[in-house]
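Asker: Sequence:
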Amino acid sequence: MTRLLLLAATLALPLAACDRSGDGTSVSINADGGNALGSIDATSGEVKVDVPGFSGQFKLPKVQLDATDFDLNGVRLYPGSTIDTVNVATAGRDGGLRLGFTSPASAEQVRGWFQERLAKAGFTLKQDGRGLTGTTEENKPFRLEFDGSGGDTAKGTIVLGG
Numbered sequence: 090m091t092r093l094l095l096l097a098a099t100l101a102l103p104l105a106a107c108d109r110s111g112d113g114t115s116v117s118i119n120a121d122g123g124n125a126l127g128s129i130d131a132t133s134g135e136v137k138v139d140v141p142g143f144s145g146q147f148k149l150p151k152v153q154l155d156a157t158d159f160d161l162n163g164v165r166l167y168p169g170s171t172i173d174t175v176n177v178a179t180a181g182r183d184g185g186l187r188l189g190f191t192s193p194a195s196a197e198q199v200r201g202w203f204q205e206r207l208a209k210a211g212f213t214l215k216q217d218g219r220g221l222t223g224t225t226e227e228n229k230p231f232r233l234e235f236d237g238s239g240g241d242t243a244k245g246t247i248v249l250g251g
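Residue numbers (this note's numbering): 90 to 251.
No wet-lab data here; the hints were simulated from the structure.
Check before you lean on any hint, since a few could be wrong.
Claimed, not checked - Have a look at the derived ranges for each label pair, beta carbon to beta carbon: (1) Glu205 - Asp139: 39 to 47 angstroms; (2) Asp217 - Asp139: 29 to 37 angstroms; (3) Thr213 - Lys148: 38 to 46 angstroms; (4) Gly163 - Gln216: 32 to 40 angstroms.
Said to hold, decoys possible - The calculated lysine to aspartate or glutamate pairs, modelled on EDC-like cross-linking and capped at a C-alpha distance of 16 angstroms, are: (5) Lys215 - Glu226; (6) Lys244 - Glu205; (7) Lys215 - Glu197; (8) Lys215 - Glu234; (9) Lys244 - Asp173.
Heads up, the beta-carbon is just placed ideally off N, CA and C, and yes, glycines get one too.
With the hints as constraints, model all of the structure from the sequences given.
Answerer: Here it is, written out as structure tokens:
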């Protein structure tokens, strides 16, 4: 639980320092059973916290996280990508991380880019449709999924655990 609260604080502090117009990044941290412990709304900047001993909500300036704000064993998101959502679950069937992103390249280009770099970082991966499935260097489940849209912009999701 303490690690989870530290993660929430780590995500919230940089958000307090930025104010950008347009869309931001939504962040949610969920306990076993799907109960939200904390969340940041991308549109409004509203932060909600509900942990034992404290419950409240407040507003922060919106922020758009990007490729430089994410590092997976030394592998960042595809250059120019933006992070749309971050969902962290603490335990249970959905325990793990789900990170939604948008990249300025086709799904095939982004998949190839990740496959090359993650393999060097110790991941065991195979192509699964337009995405990738496999395990991390710690033998944890990993998935890279893309939505059905095509073209020169890819909307994807990285799933670690769960």
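Asker: Does each hint hold? Answer for all of them.
Answerer: Against the structure, the hints come out as follows:
Distance hint check for Glu205 and Asp139: the Cβ-Cβ separation is about 41 angstroms, which falls inside the suggested range of 39 to 47 angstroms. In this structure the hint that Asp217 and Asp139 lie 29 to 37 angstroms apart at CB holds, the actual value being about 36 angstroms. Separation of Thr213 from Lys148 is about 43 angstroms and conforms to the stated range, judged on CB atoms against 38 to 46 angstroms. Hint check: Gly163 to Gln216, Cβ distance near 22 angstroms, so the stated range 32 to 40 angstroms is violated.
For the hint linking Lys215 to Glu226, the alpha-carbon distance of about 14 angstroms falls within 16 angstroms, and the restraint holds. Restraint check: the Cα-Cα separation between Lys244 and Glu205 comes to about 19 angstroms, which exceeds 16 angstroms; the hinted pair is violated. Note on Lys215 and Glu197: the hinted pairing holds, with a Cα-Cα distance of about 13 angstroms set against a maximum of 16 angstroms. For the suggested pair Lys215 and Glu234, the alpha carbons sit about 12 angstroms apart, so the restraint of at most 16 angstroms is met.
Distance hint between Lys244 and Asp173 is fulfilled; the C-alpha atoms sit about 9 angstroms from each other, no more than 16 angstroms.
In summary, the structure is inconsistent with hints 4 and 6 from the numbered list given earlier, while agreeing with the others.
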